[in-house]
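Novice: Sequence:
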Amino acid sequence: MTKQERLERQRQRLADMKRREDELRSQGYSCVAGVDEVGRGPLAGPVVAAAVVLPEDFDVLGIDDSKKLSEKRRQELYALIDERCVAWGVGTVDHETIDEINILQATKLAMKKALADLSEKLAGAGACGVGHDGKAPDYVIFDAMEIEDLDVPQESVIKGDSKILAVAAASIMAKVTRDGMMVRYADEYPGYGFEKNKGYGTKEHYEGISEHGICSIHRRTFLKKLL
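Going by numbering that gives the first Met the number 0, the residue at position 77 of the sequence shown is 76; the numbering climbs one at a time, nothing skipped.
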């Protein structure tokens, strides 16, 4: 495949991923947010969600499900999304709350926090477009999730992080944010390999638990067999 052919494929991919957002804009929604999370499966650390609103003319190539991207590429795209998005928000729920309310409810809470953070930033920017008050998104697309008591229309898309541009962008922002947190935790809690495994249950991580025991950011409900 030539460089030009790869470029054309990326452009087509971008157009395909923007299609649903373009449809919603044509229906009168001026501020469509994509929401995704990272960190449901790890043994340690928080669950983190991001909510992103992209402009209609967003043209950054290569946006995709964060799991399909290299760490270097995620960081590059994070910077571009941060620079060119209308606004984005983040929501974090810590390990203690995960243990208290379970990971599903913690994930939903992180998403609500991300939307609240996004709404605050939109209120400051007032930049969504004509017909929108700038205070909150008027339509939300989640990656395979539904949130109760949301006061705007919502849509749940299976594998939305590989199908919907704003959701894919949210997956990148959440992933880079959480990875950075886990790298910092690695300095505070050495011996578990958090800088590499980001809290997931790798061999190195389990060996660290065997040697050092449970640390302060471990999710105890995920480690019942070891307690």
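It is possible that some hints are incorrect.
[Stated by the list, open to error] In silico EDC-like pairs for lysine to aspartate or glutamate, Cα to Cα no more than 16 Å straight-line:
1) Lys162 <-> Asp64
2) Lys17 <-> Glu55
3) Lys224 <-> Asp63
4) Lys112 <-> Asp93
5) Lys111 <-> Glu145
6) Lys111 <-> Glu154
7) Lys111 <-> Glu55
8) Lys111 <-> Glu75
9) Lys158 <-> Glu95
10) Lys158 <-> Asp98
11) Lys111 <-> Glu70
12) Lys223 <-> Asp63
13) Lys71 <-> Glu194
Hints are computed from structural coordinates only; laboratory data are not their basis.
Novice: Against this structure, judge whether each hint is valid.
Specialist: These are the hints, each one checked on the structure:
no.: 1; hint: Lys162 <-> Asp64; result: 8 Å, holds
no.: 2; hint: Lys17 <-> Glu55; result: 9 Å, holds
no.: 3; hint: Lys224 <-> Asp63; result: 36 Å, violated
no.: 4; hint: Lys112 <-> Asp93; result: 12 Å, holds
no.: 5; hint: Lys111 <-> Glu145; result: 11 Å, holds
no.: 6; hint: Lys111 <-> Glu154; result: 14 Å, holds
no.: 7; hint: Lys111 <-> Glu55; result: 24 Å, violated
no.: 8; hint: Lys111 <-> Glu75; result: 26 Å, violated
no.: 9; hint: Lys158 <-> Glu95; result: 28 Å, violated
no.: 10; hint: Lys158 <-> Asp98; result: 26 Å, violated
no.: 11; hint: Lys111 <-> Glu70; result: 26 Å, violated
no.: 12; hint: Lys223 <-> Asp63; result: 35 Å, violated
no.: 13; hint: Lys71 <-> Glu194; result: 15 Å, holds
In terms of the numbered hints stated before, the structure departs from hints 3, 7, 8, 9, 10, 11 and 12, listed from lowest to highest.
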